[in-house]
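A.B. asks: Protein sequence lines correspond, in order, to chains A and B. Going by this note's numbering, the first residue of the first sequence is number 1, and it counts up by one from there. Going by this note's numbering, the first residue of the second sequence is number 1, and it counts up by one from there.
If you are wondering where the hints come from, they were derived from the structure by calculation, not from laboratory data. Check the hints yourself; a few may be wrong.
Which copy is meant is left open, because identical chains are indistinguishable; a pair holds if it fits in one copy or across any two.
To be verified - Computed cross-link-like contacts, DSSO-like style, restricted to lysine-lysine with a CA-CA straight-line distance of at most 30 Å:
hint : residue 1 : residue 2
1    : K164      : K176
2    : K77       : K176
3    : K57       : K212
4    : K202      : K232
Predicted model only: the values in this text are computed from it and were never measured.
Protein chains: 2
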Amino acid sequence: MNKPQDFPESWHPKPDLLPGISVDCVIFGFHDGQLKILLLEYKNTGLFALPGGFVQKNEDLDTAARRMLEDRTALSKIYLEQFYTFSTTSRRNDETHRTIATASGRTLEADHFIFNRFISVGYYALVDFSTVVPTPDAISDSCNWHDISSIPQLIFDHNLIVNKALDTLRFMLDSKLNGFNLLPPTFTMNELQQLYETILGKKLVRSNFQRKMLSLGILQRLDKKQTGAANKAPYLYCFIKPQTTL
Amino acid sequence: MNKPQDFPESWHPKPDLLPGISVDCVIFGFHDGQLKILLLEYKNTGLFALPGGFVQKNEDLDTAARRMLEDRTALSKIYLEQFYTFSTTSRRNDETHRTIATASGRTLEADHFIFNRFISVGYYALVDFSTVVPTPDAISDSCNWHDISSIPQLIFDHNLIVNKALDTLRFMLDSKLNGFNLLPPTFTMNELQQLYETILGKKLVRSNFQRKMLSLGILQRLDKKQTGAANKAPYLYCFIKPQTTL
Chain A
1 MNKPQDFPES WHPKPDLLPG ISVDCVIFGF HDGQLKILLL EYKNTGLFAL
51 PGGFVQKNED LDTAARRMLE DRTALSKIYL EQFYTFSTTS RRNDETHRTI
101 ATASGRTLEA DHFIFNRFIS VGYYALVDFS TVVPTPDAIS DSCNWHDISS
151 IPQLIFDHNL IVNKALDTLR FMLDSKLNGF NLLPPTFTMN ELQQLYETIL
201 GKKLVRSNFQ RKMLSLGILQ RLDKKQTGAA NKAPYLYCFI KPQTTL
Chain B
1 MNKPQDFPES WHPKPDLLPG ISVDCVIFGF HDGQLKILLL EYKNTGLFAL
51 PGGFVQKNED LDTAARRMLE DRTALSKIYL EQFYTFSTTS RRNDETHRTI
101 ATASGRTLEA DHFIFNRFIS VGYYALVDFS TVVPTPDAIS DSCNWHDISS
151 IPQLIFDHNL IVNKALDTLR FMLDSKLNGF NLLPPTFTMN ELQQLYETIL
201 GKKLVRSNFQ RKMLSLGILQ RLDKKQTGAA NKAPYLYCFI KPQTTL
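Sequences are here, hints too, so could you generate the full structure?
C.D. replies: Take a look at the structure:
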């Protein structure tokens, strides 16, 4: 039986949404040397997608991204950054929309809102995946972390969106590091290097890494870490100040 | 007398354009120690604005940005980069649209397309302003370079768009340097430093600048420049390879 209250606003016959604009969120999860990405699987379809959706008529894009991420995955208070707007005319296809709606017991009229051309504004975030509990929404079977090295085929241009987000994450890592809030208030150079190596997907030379990080002017050196072995104890660091918002 | 062929498509009663999406271009001009920005002045209004416009139904955003920049300023073959999508609900106002249309002899119906909510995708470019000849379109009085330190009040959120573009230009300078194509095939470290100082709007310490540029791994050192004074001749450099497209 249809339960209309479980349908997203976008499946209503005349949804009260901004025409032509959607938002897609690439949520990277980091923990203990692993980099993952958060994907939804649409109910009864085996179709994987980024958490995304449409924009309300009185809502800016940042607000829309935060709202729909929470609606679709239950992740709240995530530091989302806009990174690129995707607009190729061939990026979506009507058949996929029909498959997803039908599998959840809904038929969409041929002239339905959802078959319009949409451009999609991409947002990304990097979170410690051990600290959040993703929960699928009513039209999804699952909401799970997938290893970055084995991302399945996604609907539409979502694999392209993931790749662009990953390029952006890696490119922006120095300047976003503090904002991502992934490290404890004080940390060792080794902990910082492990985070970089996981996200960049490669090993780094310790001396070069340390020289580069210190040259960025974002770290303050504190006392040595209390380990019991005083001579070998590593220095602790903290961030000097918030990063730029760019 | 109205000359409808001079009106932009967006002023037609039912324009064949994508609803809700516009594009605005921030064109930075660099030459001989000066950094400028290209602005249009709408006919008979004294209102300054970025060159921008609307997106055709079968056009992606990159194509739209290139097309409208050429339509509105006569600048062609410019390397435009998308940088941010602007979406606050209060970013435009109807009265400004009416003023601009009326001053060009056009009345827009109350429910006209142009009064819808629009989000705008920002593009930027950096060009040598001595090599191009900006030409205003039919609905503008002028299309001129304005010094970055004395930008007039612009319509809508265009001053905010300029500031975000300038932040992006400065942040991305290292990685976009070759793509901007502002330097001759070979150049001295001094010429490169002058370009940086102009765009960053501050003096740089020569030794630090040289060390940083060489550490980026994008420059190849060539022979010394022929100046007649062999001992003081500076080295010439060229770019090793194209920059990343991010």
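A.B. asks: Could you figure out if K77 and K176 sit no more than 30 Å apart (CA to CA) within one copy, between two copies, both or neither?
C.D. replies: within (17 Å within a copy, 33 Å between copies)
A.B. asks: Could you place K202 and K232 in one of the four classes (within, between, both, neither) given a Cα distance threshold of 30 Å?
C.D. replies: For K202 and K232, only the intra-copy Cα distance (26 Å) is at most 30 Å; the inter-copy one is 43 Å.
A.B. asks: Quick one: K57 to K212, C-alpha cut-off 30 Å, is that within a copy, between copies, both, or neither?
C.D. replies: neither (45 Å within a copy, 47 Å between copies)
A.B. asks: Under a CA distance limit of 30 Å, which applies to K164 and K176: within one copy, between copies, both, or neither?
C.D. replies: both (16 Å within a copy, 17 Å between copies)
In the structure shown, a violation is registered for the earlier hint numbered 3 alone.
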